[in-house]
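Student: Here's the letter readout for the chains.
There are 2 protein chains.
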Amino acid sequence: MTSLDNSTEHRLKALLRDVPDFPKPGILFKDITPLLADGDALRDAGAAMAQPYRSARIDRVVGIESRGFILGALVARELEVGFIPVRKPGKLPALKTSIEYALEYGTDKLEVHTDACDRAARVLVVDDVLATGGTARATCALMERLGAEVVGLSFLLVLEFLRGRDKLEGRRVETVLSL
Amino acid sequence: MTSLDNSTEHRLKALLRDVPDFPKPGILFKDITPLLADGDALRDAGAAMAQPYRSARIDRVVGIESRGFILGALVARELEVGFIPVRKPGKLPALKTSIEYALEYGTDKLEVHTDACDRAARVLVVDDVLATGGTARATCALMERLGAEVVGLSFLLVLEFLRGRDKLEGRRVETVLSL
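These protein sequence lines map, in sequence, to chains H and A. The numbering used here puts the first sequence at residues 1 to 179. The numbering used here puts the second sequence at residues 1 to 179.
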C-alpha cells in the first residue's frame, strides 16, 4: 500500500461503483468511471499510483489497453517519463512482438512494438485493477522479452480474493486501493 | 492551431512515424507511439491540446477509446477536471446509451454511461487523430444526447486531406499538429 492518507483513500474508494452481473452473471464488477469523472480524484489517483516509484528511476510507463491507458498516461506524466501502450492484437502498426496467455476459458493476446524501449530500460507496468493477474503477468513477460527491466507494477485497485499477487510473485506490486 | 511555438511543433512532428500499408494496403499510417514514448513530448502534447480551452470552463474531458484515453487523461489533468470514457460496445458496465455511425464499409458503435455527466455539463472531446471525422462526430452527438454541451474538440493531429473538419462544421476544432 502507498502512504496515501486515510481520508483520500476513503474518498477514492467511495467513488468506486459496484455493478452486479457484469461482464457475466455472478460477477460483481468494480466500476472506476465515477472516480475518473471526478477531477480531484483523477489527479489524486495518478499521483498516488506514481508515489511509490518516484525514486525508482523509471524510464517508461507501460499501460495495458484500455483502462490502463487512462491511468498509465497520468502516472507517466507524474513521473515525467514517456508512455508505452501494450495493445490487443492488430492495433499497433509497426514491427511488434506478441504474447499469448491463458484466460479462464481460452486464451488472449497482447502486443508491443519491438522498438518501444531501449534494451535495459526500467519500466513500470500500470493497469486499473489487479484481478487474477494473468494480463499483468503477460505484460511483464512481454516487456522482458524486449530486454526491459520491469521495476514493478502499480494498480489503482487490487481485488485480493482473486489472488492476482500470486501470479506476480517476486515482483514489486503497489496499489492505491484494496478490496 | 494553438499558439505552440514553432520549435515545439517541429519537435513533436518529428516524433510521428509513417507506417506504410497499415491498417490496409495503400494507407500511410501516422504512428504516434514514438511521441508518446518521449516524456517531454508527452507532457508538451497534453499541455498544447489543453491550452486553447483553459479559459473555456470545461467540466469534463471525453476521451474516445483507445488512443483518446491516453491523451484525454492528460488533457483532463491539465484542465483539472474529470474524464469520461466513450467506449466500444460491451465494455462499459452500467446503464449506457449508444450511437451507431457509418464507416467506409459498414458501421461502428460507441457507448457512454448515461450518468457520465450532469445535464448541461460543458465537455471537451479529445482524440489523437482527426481523420474522416466520423468517430468524433458520433461522439459529439452521443454526449449531446446526455444533455452535455460540447464546447469543442481537441486533437493531437489532423490529417487535412481527409476533410474531417467538414463533418464537424460549426464546432470548435483545435489541433496541435496538422498534415
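No lab work stands behind these hints: they were computed from the structure. Treat the hints with caution; some may be incorrect.
[Claimed, not checked] So, partial list: chain A residues that the calculated Cβ filter (under 7 Å) puts toward chain H:
1) 29
2) 37
3) 38
4) 42
5) 65
6) 74
7) 96
8) 98
9) 99
10) 102
Fair warning: this is a prediction, and the values are worked out from it, not measured in the lab. All C-beta atoms in this analysis are idealised placements derived from N, C-alpha and C, irrespective of residue type, glycine included.
Student: Classify the hint on residue 102 of chain A as holds or violated, based on whether any CB of chain H lies nearer than 7 Å to its CB.
Tutor: Result: violated, 22 Å to nearest chain H Cβ.
Student: Report holds or violated for the interface hint on residue 65 of chain A, using the least CB-CB distance to chain H and a cut-off of 7 Å.
Tutor: Holds. Min distance 6 Å.
Student: Does residue 29 of chain A pass the interface check with chain H, least Cβ-Cβ distance below 7 Å?
Tutor: holds (5 Å)
Student: For the hint on residue 74 of chain A, just tell me whether its beta-carbon gets within less than 7 Å of chain H.
Tutor: holds (5 Å)
Student: Interface hint check: residue 99 of chain A, Cβ to nearest Cβ on chain H, cutoff 7 Å. Holds or violated?
Tutor: violated (18 Å)
Student: Taking the least C-beta to C-beta distance, is residue 42 of chain A closer than 7 Å to chain H?
Tutor: holds (6 Å)
Student: Does the closest beta carbon of chain H sit nearer than 7 Å to the beta carbon of residue 96 of chain A?
Tutor: With a minimum Cβ separation of about 10 Å from chain H (threshold 7 Å), the hint on residue 96 of chain A is violated.
Student: Do the numbers back the hint for residue 37 of chain A, that is, is its least Cβ distance to chain H under 7 Å?
Tutor: holds (4 Å)
Student: So, residue 38 of chain A near chain H? Judge it on the closest CB pair being under 7 Å.
Tutor: holds (5 Å)
Student: Does residue 98 of chain A meet its interface restraint, that is, does its C-beta lie within less than 7 Å of any C-beta in chain H?
Tutor: violated (15 Å)
Violated hints, listed in ascending order, are 7, 8, 9, 10; each of the other numbered hints is respected by the structure.
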